[in-house]
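So the chains spell out like this:
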Amino acid sequence: MWRYLVKRILLLVVVVWGITVLTFAMMNLAPGDPAMLIAEARYGTDLTSEQIEMVRAEEGLDSGVITQYGIWMGHLLQGDLGNSLVTGDPVWQEMGERLPATLLLAGFTMLIVLAVVVPLGLLGATRSGRWDRLVDILAMTGISIPNFWLGLMFILLFSVTLGILPSFGMSGPLSIILPAATLAVPMICMDLRLMRNSMREVMGEEYIYTARMKGLDNWTIVRRHALKNSLLPLLTFAGLQVGFLLGGAVIVETIFSWPGIGKLMVDSIMVKDFALIAGCVLLVGVLYALVNLATDLLYAAIDPRVRYDM
Amino acid sequence: MTCEEKWYLAIRRDPVAMFGMTVITVVTIMAIFAPLLTSYDPLATDLSIRLQGPSWEHPMGTDDLGRDLLSRIMYGAKYTLSIAAVVVMVSAIVGTALGLLSGYIGGKVDLALMRVVDVMLAFPSIILALVISGLLGSGFVNLLIALSLTQWPTYTRLVRGNTLSLKEREYVEAARALRAPRRWIIRRHILPNTLSPLLVVMTMDVAHTIIFAAALSFLGLGVQSPTPEWGSILRSGMPYLTTAPHIALFAGLMITLTVLGINLVGSWAQRRYDPKGHELAEVMA
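These protein sequence lines are chains Z and C, in that order.
1 is the number of the first residue of the first sequence in this note's numbering; add one for each residue after it.
1 is the number of the first residue of the second sequence in this note's numbering; add one for each residue after it.
Certain hints may be false.
Stated by the list, open to error - Pairs of lysine to aspartate or glutamate, EDC-like flavour, derived with a Cα cap of 20 Å:
(1) Z:K272 x Z:E40
(2) Z:K7 x C:D110
(3) Z:K228 x Z:E205
(4) Z:K7 x C:E5
To be verified - Which stretches of chain Z does chain C cover? Using the computed rule of at least three CB atoms under 8 Å from a CB of chain C, they are:
(5) 27-37
(6) 105-113
(7) 152-162
(8) 249-258
Don't read these hints as lab results, they were simulated from the structure.
All values derive from a computational prediction rather than experimental measurement.
Idealized CB from N, CA, C, for every residue including glycine.
So here's chain Z without its partners, still in its complex pose:
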């Protein structure tokens, strides 16, 4: 177990380092002179060449790419992500202000998803045939509806036509419902299928057969034996779910003007605020990598059958 742990953490360090390289590389993708873009963000479009050169020297943009990466990485290791090119506030502070909203949205979405999927998954555990077909078609539909359209249709129905739910911003407890529902619908459709598959696998195991031989009824078997074991394979997809949430949040937060990291990222892309974009990308990448590590470790800790020799 310890060997596995150390190995996984080393791997995480490599991946996180890779994330910084990728982030830095992407920031260099933008066409045009970065010094000019930064200067434009800072002083407006009326620029003198002195201003551009001043920015170039200040930001270390007059040295080679490797040196620039070194400087950037040096700041990063000291916990300095730089300042937003637009507001001038530290990137950390900007992200810190937005992170709680995203976590709230993600947490609430997960709650909705679990509240729907677990009971339905249990109900469907001993059924097959028509239920199977329904779950498959639901899963397909769920991944086929673009979340940006679903969000708009929710706004159209619940805010415009019925006028019962707010569609904009973060004002009062009701305003979380539509963005969370938009994120939750495709996840529910997908998770129902995951849960069905893992339930089916577990229901074919020998200990279920034994329980049946003891004369236990279906419901008791599902509740006492199958449920816990079928949640285990679902854990494998926890990382995936977080990925889905993070990716979805970018679009859903933008539609609903939810003041989270996703909206911050899109906004900073629109104004080419490089420091802020880099910060958001790093945050998402590291968060996602950590969740994946945590999932694997948790999985290994819960299921004694998992082998550590990878």
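Could you slot chain C onto chain Z? The hints should help.
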């Protein structure tokens, strides 16, 4: 696979997959024959008839500049399908080549390539696509670049895994023992046996590239107005959600239907050709 039933005969027995196939066919016909199917110019504006709801003259209504929405959607199919086709082809070819290389040669090449793949997959791919296309700037070609750059790692990981297990099969070992050249083994034994799962993933990837492309255009980063790409039509309908909801409704409905059609065929293909394959959700992340 020679003695098996042809796929176009087999698919007829599955009504759900057949529905998907029909949708794909209709959208493809729209993409190719749009100029013959409608007499309206998708770019011709007429402010006197702006924001009209569906009618006999304009079955899907008109947009904010009085353009016929149905004709815009028909012409838009061309953009949507060609973006998806190019991106999936490019990323599948590049990804497969790297996967074969990584899996067959192994060693340091494999180690290095897999770490790159790990890093790429350390992000939800929509976020990478968003950042890259945002930094490159909007436009058709930049959208293609951004999406291709983010999609290849999925293929590399899939093909590498398959190559690793195929490499140990007896017939490959036999070919190696006979001193068959490496390139011949890869072309003759490894690649053909990787093709089924590869095609299944490619089908699903077309669906998900359509969503990504539309999402980026919707955010204003991909294809720009007045080009009638579905995502950008949806974007242009957003300010009129209260007064003329039909613009957003029809544009989004077309995206959803097309993606659903492709996914239904993809899932049918998976059941048929790659039954032990990957969980659907893994392909989507």
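Hint by hint, here is what the structure shows:
About 10 Å separates the Cα atoms of K272 (chain Z) and E40 (chain Z), which keeps this hinted pair within 20 Å; it holds. Among the hinted pairs, K7 (chain Z) with D110 (chain C) is consistent with the structure: their alpha-carbon atoms are about 18 Å apart, no more than 20 Å. Between K228 (chain Z) and E205 (chain Z) the CA atoms are separated by roughly 13 Å; this keeps the pair inside 20 Å, and the hint holds. Distance check on the hinted pair: K7 (chain Z) and E5 (chain C) sit about 48 Å apart at the alpha-carbon level, beyond 20 Å; violated.
Note: the region 27-37 of chain Z has 4 residues with beta-carbon separation from chain C under 8 Å; the three-residue rule is met and the coverage holds. Counting residues of the region 105-113 of chain Z whose CB falls under 8 Å from any CB of chain C gives 0; the rule of at least 3 is not met. Requiring three or more residues with a Cβ within less than 8 Å of a Cβ of chain C, the coverage given for the region 152-162 of chain Z holds, as 5 such residues are present. For the region 249-258 of chain Z, the stated coverage by chain C is satisfied: 3 residues place a CB nearer than 8 Å to a CB of that chain, which reaches the threshold of 3.
Of the numbered hints stated above, those contradicted by the structure are hints 4, 6, listed in ascending order.
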